[in-house]
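S.K.: One letter stands for each residue in the lines below.
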Amino acid sequence: MSLSLLSRGEMQFDQLLQYTLSGLSTGAIYALIGIGFSIIYNATGIINFAQGEFVMLGGLFTLTCLDLLKLPIWAAVPCAVVASTVAGLLFERLAIRPLKAPTPINLVIITIGGSILIRGLAMLAWGKDTHSIPSFSGDDPIAIGGATILPQHLWILAITVIIIIINKYYFYYTISGKAMRACAYNRRAAGLVGIDVRRMVLFSFLISSAMGAMAGIIVAPLTMTAYDVGVMLGLKGFCAAIIGGMSSGMATVVGGLLLGILESLGAGLISSGYKDAIAFIILLLILFIRPQGLFGKADSERV
Amino acid sequence: MLRLKNINTYYGKVHALKNISLHLGQGEIVTLIGANGAGKTTILNTISGVTPASAGEILFNKEPVSALQPDRIVKLGISQVPEGRQVFKPLSVEDNLELGAYLRYRSREWKATIHKDMKQVFELFPRLEERRKQLAGTMSGGEQQMLAIGRALMANPKLLLLDEPSMGLAPLVVQEIFRVLERLRQESGTTILLVEQNAKAALKLADRGYVLETGKVILEGAADELMENAEVKRAYLGKDKKEMWER
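Line by line, the protein sequences give chains A and B. The numbering used here runs 11 ahead of the 1-based position in the first sequence. The numbering used here runs 5 ahead of the 1-based position in the second sequence.
This is chain B alone, in the form it adopts within the complex:
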């Protein structure tokens, strides 16, 4: 479904991604794990067209998408839930969701479909329905994360890119969000590329994973294999508890 071939991306002079190659199959959940600065977010932003690659190729359903603007990429069916949620804080929950479906508002069935889709999002996150008229900025971090996911789902994506959905959230909320991701895969067959610091939770959910270090893929494999891998255990799983404590 999605294939990155030898992607190189620069931030100014910093060589952030070095020959990254990875792929996702239809209906798969794949996770990228790695320390801060390993290039996880950059991979998502390169796929989304926010920080275009300087070399390499991205194919989505066999079509090259590497030179497209972010909005065109959303139109093709790739939505990103950005790091730090980035909901439109001065707008209401409903408006945020409506904007998630922005690309469809020209179509004639807009009014009908948008309500149907919004209902589905409310079904996944009942909390959002209670707060539909509230300004997004006045909600808690967890609720904003739900809104960010809901907003991305409003575009009816075939592929969902999630950037650290658990960042700064209480463990219970994280659980709830991961349950929803699981449900999404089961019920609508959404393909998910998940970037996470919380490697344990991510590997538990995912089918496969890639381990990144300083802009390179150093390890890849099935999630349960990675979970057992000594290197991964030492570097990413053992640290989990301490990281939570540090926060």
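Isolated chain A (complex conformation):
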């Protein structure tokens, strides 16, 4: 009797560990996408609802590089990132910059429209099928305690950590990154010291489409990819950014991880049918109760 209880307890612990670990890696993906949202938002005040599409493009361009161009994976990934980034830059140049009256509502409509357009083009180019991409280094599970993870999970965590470190370095130790923070804090003053604000906007699109694409690539071997994966991933990333108070730093990373873990626990312990609902309940709760984000101070110094 007591033995069976113990083993049941152990099993539950293993399960929890399992959910947490897989939640961490999806959370890392959300974090990357969320940081992309925040970077553009901070530099421009735009919520770029097309952000998810660059996640999708990352995965599908990798597919093309692998299948059509027969590139090895280590070459296909950077190629796909570059291709998606070019798409991001074109999007800014063709859809965002020409706008005569860049009011928030116009910009929101434009990014939603852009997102639908990119998705449509992707559907024409890659079809409606779901595609799979091979894992970066095999599929032999690795045991951690009573749980198992795939090598791809480790890739996701490692690449996320690297990207976050590069990001931190860029924003705090390079003049261009400091200029972007200055833009985020006060665009007018940034212009007055000679920072080309429009170029910084373009830069923010460059960084966040590259990050989005990278997220899309590293997650594709686990979840498969298709022309429409960007919608849900984009919204989850947005949710992570909201939890993090639209910060482009650690708060959004924590937001993403938290979201990933809660989602995974909810799916495992309650029902996987509620997986997506959990994210949006959190989103709504945060917006109602703490619109400045989970860790944000309630100041509105952004002008």
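Be careful, since some hints might not be right.
As the list claims (entries may be wrong) - Ranges between beta-carbon positions, derived for each pair:
{"no.": "1", "chain 1": "A", "residue 1": "Asp-78", "chain 2": "B", "residue 2": "Tyr-16", "range": "48 to 58 Å"}
{"no.": "2", "chain 1": "A", "residue 1": "Gly-284", "chain 2": "B", "residue 2": "Tyr-16", "range": "50 to 60 Å"}
{"no.": "3", "chain 1": "B", "residue 1": "Leu-140", "chain 2": "A", "residue 2": "Arg-108", "range": "44 to 54 Å"}
{"no.": "4", "chain 1": "B", "residue 1": "Lys-23", "chain 2": "A", "residue 2": "Arg-108", "range": "53 to 63 Å"}
{"no.": "5", "chain 1": "A", "residue 1": "Ile-300", "chain 2": "B", "residue 2": "Lys-23", "range": "41 to 51 Å"}
{"no.": "6", "chain 1": "B", "residue 1": "Ala-175", "chain 2": "A", "residue 2": "Tyr-184", "range": "52 to 62 Å"}
Just so you know, these hints were derived from the structure itself, not from any lab. Don't be surprised by glycine CBs; every beta carbon is placed ideally from N, CA and C.
Keeping the supplied structure of chain A fixed, place chain B upon it in accordance with the hints.
M.R.: Frame of chain A; chain B shown alone:
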């Protein structure tokens, strides 16, 4: 050096500047005085390209600059110290100054010149050197004003536009800042266009002045003449004490 010809600027439907014409000679300190809403700040922002003029012409060293973006104008040598200081509060003092020299960071001598220039700023405002690693937002108003001026100087401007540098500051700090402006003119021959509510201090420092009212220049002349002008005395100088008391 700088010449505004019949400048008209609108804020939406508000006609903020009506046929403004003014000029600054090399090495001059010129002040714009006038009540709130007279258009002083708008003149500076129109020169800086933040609120472009809808009609008229701005010439800087005989070249038209009215259609340029703010960053291009800084590149030509016109820096503005904006109203309310507007330092980058989440960044350190050093980072703020570094960003002041943003336009030069591509040049090869960047590292060397920026340190030299930063030293000069620290020499003008020793307080900033003590706080170089501190976040700008944690400093006092006076220190932030010094930083804002220092940041503008990092661009090596030929013309410095200052918008109400004395706003909300203790009289001692104001004195210190005005002394630095005086020094700038003497040592580096910087031309200064100064917008001030504190008309007395501004006219004491300046060579010439323009008096603005509801978007128009109503009076111009040498600073000491304006100081003696009955109208100016009544409207702007006599009020000074009361204004300070009101704050």
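S.K.: Each hint should be assessed against the structure and marked as holding or not.
M.R.: The hints, checked one at a time:
1. Remark: the range hint 48 to 58 Å for Asp-78/A to Tyr-16/B is upheld by a beta-carbon distance near 57 Å.
2. In this structure the hint that Gly-284/A and Tyr-16/B lie 50 to 60 Å apart at CB holds, the actual value being about 54 Å.
3. Between Leu-140/B and Arg-108/A the Cβ separation comes to about 32 Å, which falls outside the hinted range of 44 to 54 Å.
4. A hinted range of 53 to 63 Å is violated for the C-beta pair Lys-23/B and Arg-108/A, which are about 33 Å apart.
5. Between Ile-300/A and Lys-23/B the Cβ separation comes to about 50 Å, which falls inside the hinted range of 41 to 51 Å.
6. The hinted range of 52 to 62 Å is not satisfied by Ala-175/B and Tyr-184/A, whose Cβ atoms lie roughly 36 Å apart.
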